[in-house]
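So the sequences go chain by chain: C and X.
Under the numbering used here, residues 1 to 411 are what the first sequence spells out, in order.
Under the numbering used here, residues 1 to 411 are what the second sequence spells out, in order.
These aren't lab readings, by the way, just hints derived from the structure by calculation.
What you are looking at is a predicted structure, and each value in this text was computed from that prediction instead of being measured.
Just so you know, not all the hints are guaranteed correct.
One copy or any two copies: either way a pair holds, since identical chains are not told apart in the list.
Below 30 angstroms or equal to it, Euclidean Cα-Cα: the simulated DSS-like pairs (lysine-lysine) are [claimed, not checked]: (1) K205 / K80; (2) K383 / K365; (3) K172 / K365.
Number of protein chains: 2
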Amino acid sequence: MLTAEIIAIGSELLTPERVDTNSLWLTDRLNRLGIEVKLKTIVGDDDARLEEAVRDALKRSRIIITTGGLGPTEDDITRKTVARALARRLLLDERVLQTIRERFIAMGRAMPEINARQAMIIEGAEALPNPHGTAPGLYLEHDGRAVVLLPGPPREMRPMFETYVAPKLEAKGGGVRVVRRILRVAGMGESAVDERIAPVYTQYKNPTTTILFNRAEVEIHLTARAASEQEAELLLDGLAGQIEERLGDAIFAFRGETMEEVVGLRLAVGGYTVAVAESCTGGLVAQRLTDVPGSSAYFLEGVVAYSNEAKTRTLGVPPELIARHGAVSAPVAEAMAEGVRRLTDADFGLAVTGIAGPTGGTPEKPVGLVFIALADDAHTEHKRLLLPGDRQLIRWRASQATLDLLRRRLI
Amino acid sequence: MLTAEIIAIGSELLTPERVDTNSLWLTDRLNRLGIEVKLKTIVGDDDARLEEAVRDALKRSRIIITTGGLGPTEDDITRKTVARALARRLLLDERVLQTIRERFIAMGRAMPEINARQAMIIEGAEALPNPHGTAPGLYLEHDGRAVVLLPGPPREMRPMFETYVAPKLEAKGGGVRVVRRILRVAGMGESAVDERIAPVYTQYKNPTTTILFNRAEVEIHLTARAASEQEAELLLDGLAGQIEERLGDAIFAFRGETMEEVVGLRLAVGGYTVAVAESCTGGLVAQRLTDVPGSSAYFLEGVVAYSNEAKTRTLGVPPELIARHGAVSAPVAEAMAEGVRRLTDADFGLAVTGIAGPTGGTPEKPVGLVFIALADDAHTEHKRLLLPGDRQLIRWRASQATLDLLRRRLI
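Okay, chain C solo, but in the shape it has when bound:
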């Protein structure tokens, strides 16, 4: 299998705030072309260290991709430093210079002299056009290695890779295609999922299976290799089908969709409407549902009834019910779901009440205790949950379980 390494260049990438997201995107694209990323280096605007990183990379990898450092300023050292590491000259490319000039003219400005530097091309390299910026990329082959220099801004880097680099690397890759699929699971823990599906996925070397715990969700990542995307998809269909047999409804997404997208689609297709009454989640369920474009077709109203008065006044929860069972209880959750449904005339009323912490817990009602409820015209159901995690995680998990309750009803 072909291997690559990525060198991200820029002193800002060595601060506590900035993540090198380019390499994640590139890794995904490279993987799809059957190319594995074996190493990533992040280096500042530092001649000596960059030259060393490129030299080291040339020794061990067939494909080397750099991002960043192609701008017009002194800090932008990638062109000259990579040239030095390759022992090649930098030459001014008149055609590239003309393109950069024209770009400035089109913006109604004269080209600043420093931008001429961006027309310097490593001897033997091909300049890769950049319709979204002034810095061209570079592609060259050196001792059987492919060396690719890409600009740092994602909106310049991504289309350049797709248009000019991917086809070249695909030709090198020997026709292997790698396709990934993400299955998402609700209401089950990581080890429970693994126990259920290990007998299936361990029988396959292709696709490979990884179980990840991402925030409060279990994700099953399937990766298939084949001569074509279609063939890889068929392999994925086969394994995904067997996993579905084992997990059933617990899988809510087969293509990486979010819970709110899945629920939204089912509501839209069925022509149903929904309204939400929330306490401990503080608006998160409504916010997730309305994150989906077009959600106004099915989302009618949300009530964040944080105080007991709000539960009574807006949702019509009887004060006696709260006095008898407490605000965090199954009867109150059900009354909230019925109340918001009555208020809005929605097909479904969803409700959640609980203790997100860090304070407010008692021995009988600890932090993490959450009741969720769903009401429709026929009946009302509830579920009691005891969720681990900090305040934010409890709120997120509660919102996920609430949406999942509706999803299961809609199946």
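Could you slot chain X onto chain C? The hints should help.
Coordinates of chain X only, in the frame set by chain C:
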């Protein structure tokens, strides 16, 4: 200045999904100790490449920190590979083994034999206790370099660094302390902020100033170096004071606090209550306000009035007003703010209505048009915004502006 490099180990860090967040945290801590991070390498569970990475690091850096690969399985190669790169032996440490055994006994289990591997210590290294897991860290000095091996899970890595590693590195750092402060700005663009404060901050080499655009917020990062934290804080106070003179109320946080924390604190201190009526933000304003622990003291109720019926029914917005001006209009925003205040008897009623897109825009009312309003017992005000960005960004920016409207009233 002392320089460090970080090597993150684990094949999962070379997938498209996983970011090496440990190195961000470590960079922040190292910077505070006056140590600059000059290079980061991310390598898989791959003996040859890891050994090379460690050898290269020893050639150029005074401090080398690895994270990950200290687990008990075959995949966990850090101990043995670093030992090889240093040409040192691995020795079983009976005391460490005993600690691991006791940890399992405390959990009511026998230690699996493979965990004995975690008691193998590189010759001459100090084992760093791990109260949150079985893998001890390692610290050693080699040819004047500090080599530190830390576990991958953040909840194990972070306290281990703070307790055992930071004091050792501090001693090496020659007493330079670096302190950072984050000022957050609302309602101004990046270049407007820069124009206003450049005449001030360019006069200082210490602290240094960086202006960052983070999501929809402008952040001003100040970094001071001094012999002590107190001295650095004084330098920061001086510059922050001058920046405040230039920006005034636009700065909402001087210590990196979030907008919802700042607003929440002011509400709590003043003994005020708030209620929120939202349309395009779909619950985000309520969710952000209630993200703050203890927010039940001031947050009474939120209404996500997505449909026109909800605006009329729950908030009492006159249907004629919606018919005449449209749901996205200043009069409707004000009526929503007054309505939710009337409904809940809160001191402040906040409202937001707008077009988050991607659809629903018209030439007169384009995507990004948002009206926000604030009502108290004396009067009601509104603001018209035209926000750039995609759906999520427009929603976030609208929520930020809404909270900021209340913040400015509370000053």
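Hint compliance check: list the failing hint numbers for this structure, sorted ascending.
Hint check: 3 fails alone, others pass.
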